[in-house]
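Trainee: Make the full structure from the sequences, and use the hints.
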Amino acid sequence: MSEFKQTFNSSLGKKLIMALTGLFLCTFLIVHLAGNLQLFSNDNGYSFNVYANFLTHFPPIEVVAYILYASILIHAIYAIILTTGNRKARPVNYAAKPQSPSSWSSQNMGLLGSILFLFIVIHMGDFWYKYKFTHSVGFKEYRTNLVTGERTVSDFTPEKPEFEHSLSYNGDTEIVRVKDLHTSVANSFSQWWYVVIYVIAMVALSYHLLHGFQSAFRTFGWVHRKYKPIINFIGTWLFAVIIPLGFAAMPIVYFIMSLKK
Amino acid sequence: MENATMNLTLKVWRQKNAQTPGKFETYKAVNISPDMSFLEMLDVVNESLIRDGQEPIHFDHDCREGICGMCSLYINGRPHGPKRAITTCQLHMRSFHDGETITIEPWRATAFPVVKDLAVDRSAFDRIQQAGGYISVNTGGVPDANEIPIPKIIADEAFNSATCIGCGACVAACKNASAMLFVSAKITQLALLPQGQPERYRRVQSMVAQMDEEGFGSCTNTGACEAECPKEISLTNIAHMNYDYFSAKLFRQEEVHEVKHGGA
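Chains X and H are the protein sequences, given in the same order. Sequential numbering of the first sequence, starting at 1, is according to the working numbering. Sequential numbering of the second sequence, starting at 1001, is according to the working numbering.
Since the hints were derived computationally from the structure, they do not count as laboratory data. Just so you know, even glycine gets a beta-carbon here, dropped at the ideal spot from N, CA and C. Some clues are possibly wrong.
Looking from chain H toward chain X, a few residues come up when the C-beta cut is under 7 Å (computed) [as the list claims (entries may be wrong)]:
1. Gln1015
2. Lys1016
3. His1061
Straight-line alpha carbon distances no greater than 30 Å define the calculated DSS-like cross-link-like pairs of lysine-lysine that follow [to be verified]:
4. H:Lys1116 <-> H:Lys1011
5. X:Lys140 <-> X:Lys261
6. X:Lys14 <-> H:Lys1231
7. X:Lys226 <-> H:Lys1152
8. X:Lys88 <-> H:Lys1011
9. X:Lys88 <-> H:Lys1116
10. H:Lys1011 <-> H:Lys1152
11. H:Lys1083 <-> X:Lys228
12. H:Lys1116 <-> X:Lys97
Mentor: The following block contains the structure:
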């Protein structure tokens, strides 16, 4: 056991923890983006609300979610430990501004990460916390005619405060009652400053992953003549372009839609 | 024939010893030939300082041929100055322009304490080498050359790693004052070759442990070290070291007991 402790206390071991947690968070982003694309389906929030309900009530996902929260914290804590150590390694700074060529993002991972951490606190406080631990999120009732597929939606007020969700049938009609996170999202995204926070955070995400994704593979030691271009391509196009753009599109589109109302 | 000389202003870090705080002093370098090396320019300045009864500027140098790794100097924000893939002794004054102010600082790292002025103590590198940067060979007759077949691509890669002269520019350039490029080059040059195999997994563990012991920072993969290395040692060495380290620590039986305690 002490040998493992020694390994993860070494400079390389700490970087391994950063790389492992970082890549796990990257895979989460793919799932999170894919799931949240349902914000773009034009069904009065039905699929998004059902999806949010599924995420919070399916036990295996609950377990993965707590591993995810732990990863975010470990990634941040080790970043602080490493940065403190790095500062100690150079107590006197150079008077001349360092001119050595290296990418801006690689030199500012701490700043970018801090922006992202702040964003995660705001983001989880507004949606995850309110959804799970407060009664501030309303309810919607969706009635779907299983024969014709027609769906009607109405507000729903539960009789008991501990009500979470229900699924019932009335003849050919399926009645789904779920928390209406969709309206919370739409309300938040109708405020311009909220959209600005999201867009800034996604720019930070883009630069963080532009360096972070490929750097994690370097930390593992997986730099191979044949695979390096593939890793750089995925890191650049998927993680630094498509994913941040996809996330940023959500508040922007909802803000534009709110202007039309 | 025009034989223009240059006049420069130097901002030089002066520090009596590791215990005394240092500060910048400004000097004039006059009538400097553009064909002088940077170190020859400092020689000229020092001669005038000695004539004036002042303490000359201390700086490290030895071969002045770009192969010993002794010269250092952080010049205008870059180790070994503005040119790529050369040491300070190979840097010529024609790389600067007349009237320029040049800031000269020592390598800045906890593990490289200032000895005097621009000279720093790089014996941390020696201790890392002593921790495992060697191979064991049997005594007896000299083995024939090329007795052990090594593919050219591997031989080339090992040779590229072996060109490291241990000057410490990688540490000086790194925002974290990390020694990973140096340590990884010293590990990889042996790990790639058959002769380096018996100690391969012990070596990487003891050298990394000694590196941590010396107080160097960790690696962010910014690539500043690779860009500043006078021998253009590749960042891939660090990945190679990481791979060997994690396979040694997590998947192999070799263990490392002692870490030599360093410090100047």
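Trainee: Holds or violated: X:Lys88 with H:Lys1011, Cα cutoff 30 Å?
Mentor: OK: X:Lys88 and H:Lys1011 at ~26 Å, within 30 Å.
Trainee: Going straight from one Cα to the other, do X:Lys88 and H:Lys1116 come out at no more than 30 Å?
Mentor: holds (21 Å)
Trainee: For the pair we were handed, H:Lys1011 and H:Lys1152, check the Cα-Cα distance against 30 Å.
Mentor: At roughly 47 Å apart (the allowed maximum being 30 Å), H:Lys1152 and H:Lys1011 break the hint.
Trainee: For the pair we were handed, X:Lys226 and H:Lys1152, check the Cα-Cα distance against 30 Å.
Mentor: Between X:Lys226 and H:Lys1152 the Cα gap is close to 19 Å, so the pair holds against 30 Å.
Trainee: Classify the hint on H:Gln1015 as holds or violated, based on whether any CB of chain X lies nearer than 7 Å to its CB.
Mentor: violated (10 Å)
Trainee: Need the status of pair X:Lys140, X:Lys261: alpha-carbon distance at most 30 Å?
Mentor: With Cα atoms ~20 Å apart, X:Lys140 and X:Lys261 stay inside 30 Å; holds.
Trainee: Does the alpha-carbon distance linking H:Lys1116 and X:Lys97 stay inside the 30 Å limit?
Mentor: holds (22 Å)
Trainee: Would you mind confirming whether the straight-line C-alpha gap from X:Lys14 to H:Lys1231 stays at or under 30 Å?
Mentor: Roughly 29 Å between the alpha carbons, so the hint for X:Lys14 and H:Lys1231 holds.
Trainee: Sort out whether X:Lys228 lies within 30 Å of H:Lys1083, counting only the CA atoms.
Mentor: holds (28 Å)
Trainee: Holds or violated: H:His1061 as interface residue toward chain X, Cβ cutoff 7 Å?
Mentor: violated (21 Å)
Trainee: Is it true that the CA of H:Lys1116 sits at most 30 Å from the CA of H:Lys1011?
Mentor: holds (16 Å)
Trainee: Go through the hint on H:Lys1016 and say holds or violated, using the shortest Cβ distance to chain X against 7 Å.
Mentor: violated (15 Å)
Hints 1, 2, 3 and 10, counting from the list given before, are not met by this structure.
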